[in-house]
Amino acid sequence: MIGSNPRLDDAFGAVHAVLRGDQVPQTAAAQVGLDPVRMAFYADAVYSHVREVLEKDFCALAAVLGPSRFEPLVREYFEIRPFDAYELNENAAAFRDLLARCASAGRHGVTDFHVELAEVEWQEFTVYVSPEVIPEPSQVQAPTLNPTLVILQLDHGANDFLDEWRDGAQGDVLPPIPDQPNPTTLFVLRHPETENVLFVAADEALLFALKAAHDGLTVSAAAEEAALPIQTVQSIYQSAADWGVVVLPEEKNP
Amino acid sequence: MEHRAPPQKSLRFGIGLRREHFDDIADRLDEVDFLEFLPENFLRFGGRPSRVLREVAARVDVTSHGVSLSLGGPDPLNKTYLTELRTLLDELDTPWFSDHLSYSSAFGVEYHDLLPLPFTAEAVDHVVSRIQFAQDFIGRPLLVENPSYYMSYPDSELTEAEFVNEVVSRADCNLLLDVNNVYVNAQNHGYDARAFIAAMPADRVLQYHMAGHIQGDGFLVDTHSMPVRDEVMDLYRYTLETVGPAWTLLEWDHAIPSLDGMIAELSRIRETAASAHLAPGTLEVAA
Ligand SMILES: [Fe+2]
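Line by line, the protein sequences give chains A and B. The working numbering numbers the first residue of the first sequence as 1 and each following residue consecutively. The working numbering numbers the first residue of the second sequence as 1 and each following residue consecutively.
This is chain A alone, in the form it adopts within the complex (with noise of 0.2 Å):
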């Protein structure tokens, strides 16, 4: 297309220079004789999308790291990586991979625990978005991974932090940031019934649970592998059910 609209190519390119910051206003509104104040709207409204977007996908980072350590980040991220999907958010995804490079190089402030915060807060986008489907307790003949189940591995609990800092409202009081390691295997996934996304550090039961339903195992057959009580595997299926990490057959979620 380009080449065919001559007049049309320089607006184009002289906007795009602006709204990407490779030009200021002044010089690229004298180009194409727009007014350089309205120009430099558009481009404030563009970066305010990166902005919104990353605050929005990344909220518990950015009340944590503050406007002060936040916004480089923003603009950073605006300069390296601009947009490209229609879908706004599927823009944020990388934002990680800055977040891990600024933890390892100890820039902007950016600690392991951030990037494993901002790991959280991400999964719990894409789960709450899945495109998968869970079934029905009516479609199942066996104990049935929830196909929104994410599993991470945490070392510097992030969970704990969300849930502290949730519990308080999102107030601007930050709870402490945890300073032990406390290896975590976390469970994020979209509740089959209410559909809210919610995590659960996974204990041994859970662990048991995810791994025979994995395997497609009914009660008697996960009770037998495991040489445990019938009713001992069935309470685990059960409090798994609830937690929504299986999808247990009808009878036996009556």
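Derived from the structure by calculation, the hints contain no laboratory data. Be aware that a few hints might be false.
In silico EDC-like cross-links for lysine to aspartate or glutamate, where the CA-CA straight-line distance does not exceed 16 Å [as the list claims (entries may be wrong)]:
id	chain 1	residue 1	chain 2	residue 2
1	A	Lys56	B	Asp253
2	A	Lys56	A	Asp35
3	B	Lys79	A	Glu87
4	A	Lys56	B	Glu20
5	B	Lys79	B	Asp136
6	B	Lys9	B	Asp61
7	B	Lys79	A	Asp84
Just so you know, these numbers come straight off a predicted model, no measurement behind them.
Assemble the complex: chain A is given as a structure, and chain B with the ligand must be docked to it using the hints.
Just chain B with the ligand now, kept in the frame of chain A:
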């Protein structure tokens, strides 16, 4: 390619389908005639967004209002987006789909904002062929919306009204007339809003948008964050009397009120419409 026949122009009232209302919209469908959704917020999503959209679409008409076709942009139209959109609109059987007479991406970058085009013959040629392509690809009537804009190009040879007329007639598409945008643009660019409305191709206008705006730094800004201003209500009444009835949507995208608040504001729009003196025979109110 055959398009689905557009429905008769009629007076109906709707609101946008927004995440903030997912929990209660299904219980309030009696109070709206139709819902409008932004396809970008649904196309790739499963879960609650997908479930709610399909649930409401089974019960009321839904219209699709896109923000990323970039009809005026320099890059080739996004075929992936168009293909995804066509699949969804076929499933929901929307009466039409809409996007803006502007551009939102260039040189591979998505701005997530609507940038104006110069009102030139060159821009008409450019956008007409793209509208035709999109309309044929989707196989449903495409309504282009007059966007709000805050900068004007010195090489514009046409007025905005001439530009809109030229585009919709040559592209053989329909028009989504945003009444608030007309008001905002008229104020910001110094033209007569009523003259602009009177110059619109009435038989191609199938939908109106109503929204709120704020006073910015020396100019009005179309924010969709407020109730509709009285001046815009007056202009809407004039529009109905001049252009005729069309599906009317309340747009509210920031600081979104509760569903009660949305429906109360929609009632104000209904009351304004009820006070308009419509030409005999133009009114076909939804049952
Ligand atoms: Fe609009």
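Against the structure, the hints come out as follows:
no. : hint                 : verdict
1   : Lys56(A) x Asp253(B) : holds, 15 Å
2   : Lys56(A) x Asp35(A)  : violated, 32 Å
3   : Lys79(B) x Glu87(A)  : holds, 14 Å
4   : Lys56(A) x Glu20(B)  : holds, 14 Å
5   : Lys79(B) x Asp136(B) : holds, 12 Å
6   : Lys9(B) x Asp61(B)   : holds, 14 Å
7   : Lys79(B) x Asp84(A)  : holds, 14 Å
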